[in-house]
Amino acid sequence: MGPIKIEPAKAFEEVLTTQRKLAAALKTLREVDDVDFGVTDKEAVYREDKLVVYRFKGERPPTAKVPILIVYALVNRPYMVDLQDDRSLVKNLLAQGEDVYLIDWGYPDRADRWLTLDDYINGYIARSVDAVADRAGVDKINLLGICQGGAFSLCFAAMHPDKVKNLITMVTPVDFHTPENMLSNWTRQLDVDLFVDTLGNVPADLMNLCYLMLKPVRLNQQKYIGLIDILDDKVEMENFLRMEKWIFDSPDQAGEAFRQFIKDFYQGNKLVKGGLEIGGHEVHLGNVTMPVLNVFAEQDHLVPPSASRVLGEHVGTEDYTQIAFPGGHIGIYVSGRAQREVPSAIHAWLAQRSR
Amino acid sequence: MGQSPNPDWMNQWQDLSRHYLNAWQTMSRNPVAMPGVAASPWPDGFEQWSRLFTSGGGAQNETIDRVIDSAKGYAAFMQSLLGAAGHGGGMPPWTELFRSGFGIPGADAAAFEHPMLRALREMQGQAAPGFGNGFAQALGALNAFRAGPSVPAANLGELKAWLNLPAFGLMREHQEHYQKTAVAWVEYQEQMGRYNALMLKASQRGFELFEGKLSEREQPGRQIESLRALYDLWVDAAEEGYAEFALSQEFREIYGALVNAQMRVRAQIQHEVERVAADFGMPTRSEIDSIGERLQALRREVRAGGETSSRGLAREVANLRSELAALKASIGKPARPAASAVQPPEAKTQPARSKPDLKAVSKPKPAAKVVAIEPALALVAPRHRKPRKAKRERNAKRAVAATSTFASRIAKFADASLGAGRPHALRKTKKKQAKADKAKKKR
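Chains A and B, in that order, are what the protein sequence lines are.
Heads up: the first sequence is residues 0 to 354, going by numbering that gives the first Met the number 0.
Heads up: the second sequence is residues 0 to 442, going by numbering that gives the first Met the number 0.
The hints are simulated quantities; they were obtained by calculation from the structure and are not laboratory data.
Built from N, CA and C at the ideal position, the CB exists for glycine as well.
Check before you lean on any hint, since a few could be wrong.
Now the in silico label distances, taken between C-beta atoms and shown as ranges [as the list claims (entries may be wrong)]: (1) B:D64 <-> A:D228: 15 to 21 angstroms; (2) A:R339 <-> B:Q248: 40 to 46 angstroms; (3) B:V301 <-> A:A94: 39 to 45 angstroms; (4) B:K179 <-> A:G267: 29 to 35 angstroms; (5) A:E47 <-> B:A433: 40 to 46 angstroms; (6) B:A438 <-> A:G273: 49 to 55 angstroms; (7) A:K49 <-> B:G220: 55 to 61 angstroms; (8) A:G96 <-> B:R65: 38 to 44 angstroms; (9) A:R352 <-> B:E239: 39 to 45 angstroms; (10) B:G211 <-> A:D232: 34 to 40 angstroms; (11) B:Q203 <-> A:T288: 41 to 47 angstroms; (12) B:E249 <-> A:A350: 47 to 53 angstroms; (13) B:Q248 <-> A:D35: 43 to 49 angstroms; (14) A:G267 <-> B:R274: 33 to 39 angstroms.
Let the hints inform the model, and build the full structure from the sequences given.
See below:
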């Protein structure tokens, strides 16, 4: 008995069905509007260069006294946290009574090529935190860092513990040298000085293609084969296009910040090994003494769980909690289960610490 | 392994392919001229569909392009796999397929060509129009080597040796630069060859894993019954095989060397473009970058100064106002403290009833920036009463002490106002003042 038992007639029917779906796509695509994103109403409360800090408006005023500032990664656009009505971390946090702010980094161009990690962390983030704290009338705020933004938030909290009441990190790399970290493996022998000196800013397309190469066949081909199944479903198609737009809507990376991030984090692994200096300040995770909630995804191919879960061993706080979410790097914001579990877990954790 | 294809199955397959093509043409109502049965009817069918989607634009179209590209790869892959398996449903001769040079479309090493490398090659507008092509055209002598990996390694070595010959004469510098660029290009080709060889191994590993996964499905009930299931199994195996290599030390070294080699070529080309741009009096990227760097450094300085003045100085001014108010109170004249001023602890200890010696108070002259404070000092001029001598002396001592604190704060204020980078002039002023005070005391 062989492993393949495909009847030719059935195979033929499969291909014909695929063709029918493609035919239906012609009609569906005529009906699909240009996809929109960022569903929750918001107002800009602070601006600086290309950065804008937004405050989201819930259906009712927030009950939390201490606001949350979301610090997203530089490598993607932050609207992933508010993608659509039924897939929004922001909306769900607002519904729980939280007061939610977000840093939108904008799209760096050649004028931003010399921005360093110091400019981002001790500059942009620090001033955004001050702006949010001033507006809320508090001395400290809650920081929610996502992915690379989580690493930035850790650095900020270590250098300015007096400004952070509670720290939440989501899918955040901490130990960059774990064996499952493919991106780290690829960057270890990169001459990043030559790379940045030659390219200036690192083009977004380059970054995107690199991410696609983490799973080349699955992300470049299999995903689109799967799409054929939903080509005749307008709503599903819109959801897919929205996600697709987000995936490829990436900013260029400011050259100097990229250079330092690759050298100190990916190559030097200094966040856990020590010796990390940003703007002349030593970054020591032992100084992260405020309560920390670390949420990571168990099937994350970008930031392997092993890179995140070690955080508890390095921070100085006595109040450390971690949640392993069954899903991937993106699923942690957009899956149905994430909508139910992640915002409520964050809210409950914060509520316990606001008493 | 190595079984001959089942002729009945193959005939049936050909019939279905023909039938499929006819059905598709009817359904699309867009008959295409395709005499007989195409060699690869499934992918060709998707190709026809892709033409239908070429009108219009936007993100949807881009997505559809990707879908159709993937569908074509998928269909070609399926057709080849089933062709290979067309010997009664037994284990296909995968090893034979490898030896015959990867006849399976979409399943060869090219599937793993790193998009980063592709993007770097194709990147436009950064000194290298169409990375590889532009350079090779500029160096006609290298055109023969554009094929890269197909050039034997020995030839590349010989070429490198030739390119390392010393340059002479008036154009020596230029020739040396061209030779260096050519060497960089040859090294890049060498690294590309190493990378492609590694990807070939990854692809082969994927098929080994695929065979293993297939052999696990031989029991009834676990057999693969659809094209999609077969395809998904292949994807799982291909990804596993690729991941083994992509996480290896070998990949790290080869990939790093390849990207570095490519960057060296780009840097050389940029250098040449800059030279030509300078000849034409055009601004170059280096110049613009240099301006950008200086501008960013200047912004940091300005911001550092601004932050000190906005937050630190605001507090400092509030404290100074409080002290001033306390000082006024100490000389017996009711003063109106600033509404927002916070009384600093030391101010509370100031004597509230004495009058300072006007000369002692007004002596320390702060730097120009704090001149605006001076008129306020004038307010502390004593009223012309004549207290008893002992009391007067005691009060004067207290006032001098208070003034000394005040003066040091004013100096700090001036420091901050001038910024951390320019305290020198101020230090000089302070030194001068101290010297004068000393001399006065002696007198």
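| In this structure, is the beta-carbon distance linking R352 (chain A) and E239 (chain B) contained in 39 to 45 angstroms? | holds (43 angstroms)
| field | Cβ separation of Q203 (chain B) and T288 (chain A), checked against the hinted range 41 to 47 angstroms | value | violated (52 angstroms)
| G96 (chain A) paired with R65 (chain B), Cβ distance criterion 38 to 44 angstroms | holds (41 angstroms)
| Supplied distance hint 49 to 55 angstroms, evaluated on CB atoms of A438 (chain B) and G273 (chain A) | At roughly 53 angstroms between Cβ atoms, G273 (chain A) and A438 (chain B) fall inside 49 to 55 angstroms, so the hint holds.
| request: Take the C-beta atom of V301 (chain B) and the C-beta atom of A94 (chain A), compute their distance, and say whether it sits inside 39 to 45 angstroms. | output: holds (42 angstroms)
| field | Distance restraint hint 40 to 46 angstroms, applied to the beta-carbon atoms of E47 (chain A) and A433 (chain B) | value | Given about 42 angstroms between the Cβ atoms, the range holds.
| Between Q248 (chain B) and D35 (chain A), does the beta-carbon spacing fit 43 to 49 angstroms? | holds (46 angstroms)
| message | If I claimed the Cβ atoms of R339 (chain A) and Q248 (chain B) lie 40 to 46 angstroms apart, would that claim hold in this structure? | response | Given a distance of about 42 angstroms, which is inside 40 to 46 angstroms, the answer is holds.
| query | Using the C-beta atoms of E249 (chain B) and A350 (chain A), is the stated range 47 to 53 angstroms upheld? | reply | holds (50 angstroms)
| Is the gap between the beta carbons of G267 (chain A) and R274 (chain B) within 33 to 39 angstroms? | With Cβ atoms ~36 angstroms apart, the hint holds.
| message | Range first: 34 to 40 angstroms. Now tell me if the beta carbons of G211 (chain B) and D232 (chain A) are that far apart. | response | With Cβ atoms ~36 angstroms apart, the hint holds.
| task | Indicate whether the distance between the beta carbons of K49 (chain A) and G220 (chain B) respects the range 55 to 61 angstroms. | result | Since the Cβ atoms of K49 (chain A) and G220 (chain B) sit about 58 angstroms apart, the hinted range of 55 to 61 angstroms holds.
Checked against the numbered hints above, the structure breaks only hint 11 and satisfies the rest.
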